[in-house]
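Dock chain B against the given chain A, drawing on the hints supplied.
Chains A and B are the protein sequences, given in the same order.
Counting from 1 along the first sequence, just add 2 to a position and that's the residue number in the working numbering.
Counting from 1 along the second sequence, just add 309 to a position and that's the residue number in the working numbering.
One or more hints might be untrue.
Restricting the straight-line Cα-Cα distance to at most 30 Å, the calculated cross-link-like pairs of lysine-lysine (DSBU-like) are [stated by the list, open to error]:
1) A:Lys344 to A:Lys293
2) A:Lys248 to B:Lys437
3) A:Lys379 to A:Lys344
4) B:Lys401 to B:Lys352
5) B:Lys352 to B:Lys394
6) B:Lys437 to B:Lys352
7) A:Lys293 to A:Lys379
8) A:Lys248 to B:Lys401
9) B:Lys394 to A:Lys293
In case anyone wonders, no lab produced these hints; they're calculated from the structure.
The model shown is predicted, which means the values in this text are computed figures rather than measured ones.
If you want the building blocks of each chain, they are given just below.
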Amino acid sequence: MAAYVGMPSLGWVAYVEIPIDEALASFWEARSRLEHVSMLVLALAIFIGIAAARWLIRPIGPLRLATRRVAAGDYEAGPLAIKSGDELEDLGNDFDMMARSLRQSVIDLQAEAQREEKSRSELEAVLNATSEAMVFISPEGRFLRINQQAIDMLGLVADEFIGRTREETWPQTQRRFADPEGFRAEMEKANADPELHFRHFVQQIWPERRDLELFSTPVNASDGRHLGRLSVYRDVTEERGVDRMKSEFVALVSHELRTPMTVIKGYVDLLLDGELGEMSAQQHHSLSIVKNSTERLVALINNLLDLSRIEAGGIPLQLEPVDLRQTIADAAQAFQPLIAGKAQNLVVDLPEDTPLVLADPDRVVEIVTNLLSNANKYTPEGGSIWVTARPVGALLQVDVRDTGIGMTSEDMQHVFTRFFRANNRGTQEVSGTGLGLAITRALLEMLGGELSVESTPGVGSTFSFTLPITLAIPEVAAPLELRSEPETRDLAVVMMTVNPGALEARLREADGWLTAALIRKPSSADELARAMRGRGLGAKPPTEIAGSGALPSTEIQSP
Amino acid sequence: MTARIVVAEDEAGIRELLVLTLSLRGYEVLEASAGDQALALIKREHPDLVLLDVMMPGLTGLEVARALAADEATAGIPVVLLSAKGQMAEVKAGMATGAVAYILKPFTPADLAVQIAEILNERRRSDKEL
Chain A
3 MAAYVGMPSL
13 GWVAYVEIPI
23 DEALASFWEA
33 RSRLEHVSML
43 VLALAIFIGI
53 AAARWLIRPI
63 GPLRLATRRV
73 AAGDYEAGPL
83 AIKSGDELED
93 LGNDFDMMAR
103 SLRQSVIDLQ
113 AEAQREEKSR
123 SELEAVLNAT
133 SEAMVFISPE
143 GRFLRINQQA
153 IDMLGLVADE
163 FIGRTREETW
173 PQTQRRFADP
183 EGFRAEMEKA
193 NADPELHFRH
203 FVQQIWPERR
213 DLELFSTPVN
223 ASDGRHLGRL
233 SVYRDVTEER
243 GVDRMKSEFV
253 ALVSHELRTP
263 MTVIKGYVDL
273 LLDGELGEMS
283 AQQHHSLSIV
293 KNSTERLVAL
303 INNLLDLSRI
313 EAGGIPLQLE
323 PVDLRQTIAD
333 AAQAFQPLIA
343 GKAQNLVVDL
353 PEDTPLVLAD
363 PDRVVEIVTN
373 LLSNANKYTP
383 EGGSIWVTAR
393 PVGALLQVDV
403 RDTGIGMTSE
413 DMQHVFTRFF
423 RANNRGTQEV
433 SGTGLGLAIT
443 RALLEMLGGE
453 LSVESTPGVG
463 STFSFTLPIT
473 LAIPEVAAPL
483 ELRSEPETRD
493 LAVVMMTVNP
503 GALEARLREA
513 DGWLTAALIR
523 KPSSADELAR
533 AMRGRGLGAK
543 PPTEIAGSGA
553 LPSTEIQSP
Chain B
310 MTARIVVAED
320 EAGIRELLVL
330 TLSLRGYEVL
340 EASAGDQALA
350 LIKREHPDLV
360 LLDVMMPGLT
370 GLEVARALAA
380 DEATAGIPVV
390 LLSAKGQMAE
400 VKAGMATGAV
410 AYILKPFTPA
420 DLAVQIAEIL
430 NERRRSDKEL
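Isolated chain A, as found in the complex (with noise of 0.2 Å):
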């Protein structure tokens, strides 16, 4: 190797030339020692690398082996506990952390279910406890579910009905009652409109007879969702052959009773009209008393027979569109010499275009002449008493307002039960079976209304009575005979009216009255017999239709 280097002040250049070794040998010298410290650090690095690496993975082992437990819903793994003072130890505890409160969620959630199972076991048992069948349905029909009593009561099968729809099991359902058909229409009209609540009585035939009284009612979510409709069906049996035998056990006390008021009246009568010979006045006088209470007896005899036969159904009803206007004003004729008596005001003041009701005139003269008799009776001299009308709905309302002694709102409570008088002094004077308001009521709910009273006591009550409103049409102001006899037994009854959902399941309810009431004004004899079909009300086709002007008659034929 050799290296020269100018020097141009000399005008010289200086050369030098050594070995190649020898010049370079310090060099391989120091790369030699250089390649054994490298690889010496080589060594060491690696050494610590893997020892830091093993260190370093060494808790990420546990944390994987926990998160796989945890995966497979191990929540009890206790703590990891890493210390490692590092990132690893932060996600260690992170883990920890999460592992404990999904272990609190998940007891949270069991205690939840729990209860939950709790409760509903619970509702089931009540549901299954109590008297009455239920029977949940689908707002589209599907049966939901039905508790232990259906099955046992209406021997339902759980398996034939759960999820099924009414349809499909409708062959199930007919043989269950007396009147399937009638059944099905109220179903159906209970279908048309969820939000109908109803109350129905139905003849159990299989597997064993019962009366049966049916509550249907809608059932929604709180957030006003509509879930299904619910039945709920009560045995009644027991109750219904109570209330017959009362009214038997009433009718055969009343008839016994007229007996002996037959021959204490009849004596009296002949020894007051001195057939048997000139009474002294005071004799006549004594047996004047005699006879007014005689014949008080015989007018409650008469009035609990009344009552027992309304509240037994046995009042036969004649239907017809009635003016009240006509009616009321000769019911208020008949009590003028009453009035008159007691120098009191009686006003009739009914509207001109007062609307015609639907009900048996001579019921309704009976109403009114109660009211008007009590309203005569309960007002002092020279107190005034009012009768108006006006319609509410599908109803009309009649008031009839005195000035009379008035009632406690106790009183007033009572006031419709059978031989209650208002307590107070004004009472004491005044005459009466105690039945009148008892009476009246049952008759109005019988042709569909209902009775109510205000009152205040020393000035004056009202009373209110509701009859359903019937459109006037001429073509029936034939009387709607509505009974069982035999020549009208297969008469089809055709009803016009604006409330006939009340009045419809009312004569329903006195099975076996009638053999056909319709709603609207049938255009045709098939429209008619569809409309009969409809409501369960037999497949006879009418012999006669009351009132049937508007109807081709030609259509209408006898069998």
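What follows is chain B alone, placed relative to chain A:
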């Protein structure tokens, strides 16, 4: 000629009342206290009018009335029924036997007597016309 009336009533008190009421008005009254007895009496005596209680032992008043109507010999005798049962159906069933009147208990003796007198008068008039 005094009209003869058969009174059939099982209750002694009412029977006596009827007999008294009618005798006071000059009628000749024949008594029976049971349905079958009444039927035999009527067939034997052929009275001008029969007053029948509906609820009687033996035969009911309705059965007696039907038996009378079915027999040509007695079909012409007017029958008046007397009953404590006043329901429309009961009255209709009573009148369906061919009875001419249905009197409800309790009755006023004077009214009953007037009814009977009217029935007898009418019968007498129609007999004369024949």
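ask   = Are the Cα positions of Lys394 (chain B) and Lys293 (chain A) separated by 30 Å at most?
value = holds (22 Å)
key: Lys401 (chain B) paired with Lys352 (chain B) [C-alpha distance capped at 30 Å]   = holds (26 Å)
Restraint check for Lys248 (chain A) with Lys437 (chain B), where alpha carbons must lie at most 30 Å apart = violated (53 Å)
query = Can the restraint linking Lys379 (chain A) and Lys344 (chain A) be considered satisfied, given a maximum Cα separation of 30 Å?
reply = Given pair Lys379 (chain A), Lys344 (chain A) holds - Cα atoms ~9 Å apart, limit 30 Å.
inquiry  = Would the hint linking Lys248 (chain A) and Lys401 (chain B) be met if the CA-CA limit is 30 Å?
reply    = Holds - the C-alpha atoms of Lys401 (chain B) and Lys248 (chain A) are around 25 Å apart, at most 30 Å.
key: Restraint status (C-alpha distance of Lys344 (chain A) to Lys293 (chain A) at most 30 Å)   = holds (23 Å)
ask   = Lys352 (chain B) and Lys394 (chain B): Cα distance at most 30 Å?
value = Since the Cα atoms of Lys352 (chain B) and Lys394 (chain B) sit roughly 27 Å apart, the hinted pair holds (cutoff 30 Å).
inquiry  = Check whether the Cα positions of Lys293 (chain A) and Lys379 (chain A) lie no farther apart than 30 Å.
reply    = holds (21 Å)
task = Verify the proposed pairing of Lys437 (chain B) with Lys352 (chain B), using a straight-line Cα cut of 30 Å.
result = holds (23 Å)
Hint 2 alone, counting from the list given before, is not met by this structure.
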